[in-house]
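**Q** Join these two chains into a complex; the hints should help.
Next come the chains, spelled out residue by residue.
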Amino acid sequence: MKKHALWIAFAIIGALSLSVVATSRGETINALWIVTAAVCIFLVGYRYYALFIARTVMRLDPARPTPAIRRGDGLDYVPTDRTVLFGHHFAAIAGAGPLVGPVLAAQMGYLPGTLWIIAGVVLAGAVQDFMILFVSMRRDGRSLGELVRMEMGPVAGTIALAGAFVIMTILLAVLALIVVRALAESPWGMFTVAVTVPLAMAMGIYTRWIRPGRIGEVSLFGLVGLILAIVVGQSVAQSPVWGPFFTFTPVQLCWILIGYGIVASILPVWLLLAPRDYLSTFLKIGAIVALAIGIVIMAPPLKMPAITQFAGGGGPVWSGSLFPFLFITIACGAVSGFHSLISSGTTPKLIANEAHAPVIGYGAMLMEAFVAIMALVGASILDPGIYFAMNSPAAVLGADAASAAAAVTAMGFPIAPDMLTQAAKDVGEATIISRTGGAPTLAVAMAEIFSHVLGGPAMKAFWYHFAILFEALFILTAVDAGTRAGRFMLQDLIGMAVPSFKDTSAIAPGLIATVLCVGGWGFFLYQGVTDPLGGVNTLWPVFGISNQMLAAIALMLATAVLFRMKQDRYAWVTMIPTAWLLICTITAGTLKIFSGDPKVGFLAHADIFSAAIARGEVLAPAKSMAQMQAIVFNDRVDAGLCAFFMFVVVSILFFTIRTCLAARRDPRPTAREIPAIAVPAE
Amino acid sequence: MSGLFAKLAETARLMVGLPSYDAYLRHMAEHHPERAPMDRTAFFRNRQDARYRGGGGRCC
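Protein chains in written order, with the working numbering: chain A, 1 to 682; chain B, 683 to 742.
Please keep in mind that the hints were generated in silico from the structure rather than gathered at the bench. Built from N, CA and C at the ideal position, the CB exists for glycine as well. Keep in mind that a hint or two might mislead.
[Unchecked claim] Okay, the calculated bits of chain B under chain A, using three or more residues with CB under 8 Å as the criterion:
#1 690-701
#2 710-724
#3 727-734
[Stated by the list, open to error] Derived, one-sided and incomplete: chain A residues facing chain B with beta-carbon distance under 7 Å:
#4 Pro-212
#5 Gly-213
#6 Glu-217
#7 Phe-221
#8 Leu-267
#9 Val-269
#10 Leu-273
#11 Ala-274
#12 Thr-281
#13 Phe-370
One chain only, chain B, in its complex shape (with noise of 0.2 Å):
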């Protein structure tokens, strides 16, 4: 049931943009273990400002 609720949290917020925090610590932590990753807030404004780069990708 948690796996399910963590799942629907994940698809609504990269809905909006926001791709998974964990997943960017994973990827840092295996590629880059000597460079400090963005704090949670750092993250979040980072993908908030690309996501509307390009003005969002969304439909008609």
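The shape of chain A in the complex, shown without the other chains (with noise of 0.2 Å):
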């Protein structure tokens, strides 16, 4: 009793809090009710559910040699500290996908995003991790199509496989898109981010041929360049010459990114990729912990309501209704299909004891889940006249303050034109006014949260362009080093049938799978771009759909592999989330494609606009025949990707189902673990 104590003081003042914040209505309450409810959840999750399921269903031997310890060779698999190790994993995994889902799941308020991050995390997102890592640990630490293929067979790995390479396309086409939403018509974000090449450059150069392998120093040295680079922005931007001369628009944006995706990707790795990694891997990790500080410092009051009108559907910044699309939206923050590709990924190869493996599985994805809690924070200390005026589409909010100050008080938040062109030169920005995306949101309230801190109104300015310049920095280096992985998948996949393709140190192969792959992503970005609701409308759920998928389908490996180890009576551990998640994205993809109502359905919306096209008509927001002919066209591929996902979701279930049930028929464990014993280390 007396060792559970502690336990039972955090699971009381958690549910406390998470009473306060689910309670109160019409009074604005304090966000810090959010995080303490967040963390002493998770600690008590933590606690009980992951050390459960570390004992009892996987049954984790610290005996047990690891892949570190049987291949140990120094390099790729090397038994490492258990804090150093959840520092590795927990970067790998935070990335741009839990500061932007939630800032758009604001739009229903505060309370659904919170209660869902919580509740997600503790019974699937972490479930998910701390599961594949567990059986990538003992399978020698290989990826996830690899057990796939191993647990499913054959068939279900090469499905596996060629859904994962759609969904890192369509992942990169959105983080791309946000980033041109970001620095379209902002000369001084635009300045920053484009600095950030040749300092990269500068970087590689230094750690490659001036002081190898270096890499606290030039760390440093790039951080000083970045702040300078953003000081001397604002007077670039305000130049009379140098401001038109960065200012571009989303189309001019978006075909400078394609062309530097190609262009990064072929590069050697040490000059550019790696030290831009350095930058924004370190500025990730400090303004992840920065953020933390300054909201309990700041101690805001949360101005969202808890619940708004659009729970319902029909809000301006995503279409359709809380179930499913808010579980959908909210993606990485609560579960995050990607998060498998990692934990199947260098993390099994560096983990020194199996008994690590809770805190860096499970540990991780709670700490992820936090991050996702602090950017729903952040959106929703705004003003929601702020919030719904800088993340609806422009079609909706006209082109000016005053026609977006009477539509965002017609949406029951009153707000006055001149609070909005306040709130942009506040930031040193034209406009504020729908900058779809959620990184300027976001951007936004870190500058409200770091100048009170540090500096005062007067850095606002400063910090806005700070929180543009970290969040476009990861993004790009995530394209970058996307590209690249997705070139190696199709090299992998187009192997399969002609081999001479999956030779990784030949020219041609590897640059037609590059510009394959830039040029899927490119399409997508292109369509996000041009489209005249702002395409985080559109390809952000369709996103959110492609990952969750990508949960069920590890979660679907985890349960087979539980049937076969003979640990089926626990298999709900792994099924329930699996049910859910299959529940909200073949709910959500069916809507997709087939809702009657043109905003949510792709179908519908097709329908309208090919029977504007048979009368001969033009309708808004197209402008000609050719911009109606691309609506349709991207309609039907948006419905045709929606289909493709379910269809390999669907096979895999079928896969799971065949393998569970050869699994129970077979009295013996079939699961193809690795075995116990220890074998001399190269």
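**A** Below you can see the structure in the form of structure tokens.
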């Protein structure tokens, strides 16, 4: 009893805070209630649920040699200190997703998002990361695709690999779109991000030739360079010569990014990718820590209502009702399928002892959910008028502050036009109207929090551009690294039909695969950029569906493994979240394809436009027949994409059921673990 | 204090994919005393190439 006392105290504090969050209506509450509720529930979830899974479901064995011990080579397989590895794993899973998803979800108020992040991570997201880490750790650190092949057969493995490639393409498109939305018509932001390219190259040359391997000092130089770039950026933006030079329309930026994607992924990694990776990783960790400290010091009240009228659907930020679309929108902060690729990547090869798996697999994901909670808090401390003015499409808001203020006031969030102009001026931008994509909203919130702690209102513009830079930097790193990863995946897939394509050192296949990969995400990026509703509206739900489906695939693999281990009586641990993810994603996918509401359903939207084409009519927001054709074509591509994702997930479900039934018929365990005997290390 | 700093530095390095060089040297001394280990620069380049070979493990 005594050893449980502390945890009971956490549980009580967590429950009390959550009840404050959940029952307040009308009066504003402090953000710290949400933070406290989340932290307490995460701690209790870790202590009881993660350790239950570790001891009873997985039956982790501290005496069993991990891949790092069995195959230790000092390079890929290295037994690593638990906290050091936690940092590595967290840095690998933390990205833009948990920051953007919750910001978009705030259109329904802070309560639905908070509840789903907390419940989702404890019961689904962290379970997925932890289970895949476990499965991979028992199989020499193999990757997700190989694991599916090992446990469910080659057909399932190939389907999962093809699914992962398409999901990656959509992810890159949506990330690039966020950068476009944040940097379009913003010379200050554009200048600072552009400076990172030569800056990173200088760092690359330094670490390659001048002082090889000195990551610490070169990152410090880089940081100084970044801060200077932000400071200089202000005068550049105001200069009559350089200001227009760094001002780009979204379509121009789209082409710049596509060109950048091809060039960056062909350059040697040491020149651009690696040094920028240092900057973006350290900046990301630093910004997350600073945000947590800032929120605790500032203790801001939440201005967003607990639940808005958009919970029923019809919101301007993204279409659809709470179920299923909230669960699709939050994505990474609660459950992220992508983490299954990380949990079956480098981490299982570095883990020193099976007993470390809970804190790394489950614990790091709790930390990620905490980042999502902070992003949700950030969006909710802003005046709802500002939030909706920034996140609604231009088609809803009109072109200037007066029309935007009128539109947002009509939604029920009164705001005066000069408040919008002033808010833009405060952060050093010409306008903040319809800066969709989540990143600018979060940047305004971070500027609010950081300037409260450091520098006062005069520093707001600096902090805003710091936040934009930090988000753009790690998104660009992800685009670059993702294009490379996509290229190898594609070479693997095409190599199944044309074996010569697999040669990763040959120039032609590499170049073709790179261009195909960039072409893939570039197509969706262009579609999003030219979409009159802002693109995020269309692309984020498709991304959310694909990401949650990848999570469902990972959890189905985990379920199959539990059945094959003869641990099926505990398989509910993975089956419950699998069932929930399947319900959400299949419902959302079906609605996105077939819903009669043209705001939700792609085909219904296409039908309206193709009917108008047949009548020879041009419908707003299209301005020409060619644009009308493009809208219809894009809608059909998106519907086809949703259908493809549903095909992937349903076929994996079929293979899972077949595998589980076969495992039940066999009286012995059939899971293909690497035996527990120690072999001499290499 | 210096122990804490060393651990933080090691964490930061592994965050960007650079494992401990000392651990590598220990491994080589223990298991392959007959082979000359890579020097620090070669080790750094080897790990840099390895990190991005498959894309560098990054998330959304």
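**Q** Work down the list of hints and note, for each, if the structure agrees.
**A** Now the hints, each set against the structure:
no.	hint	verdict
1	690-701	holds (count 11)
2	710-724	holds (count 4)
3	727-734	holds (count 8)
4	Pro-212	holds (4 Å)
5	Gly-213	holds (4 Å)
6	Glu-217	violated (11 Å)
7	Phe-221	violated (15 Å)
8	Leu-267	violated (11 Å)
9	Val-269	holds (4 Å)
10	Leu-273	holds (6 Å)
11	Ala-274	holds (5 Å)
12	Thr-281	holds (5 Å)
13	Phe-370	violated (16 Å)
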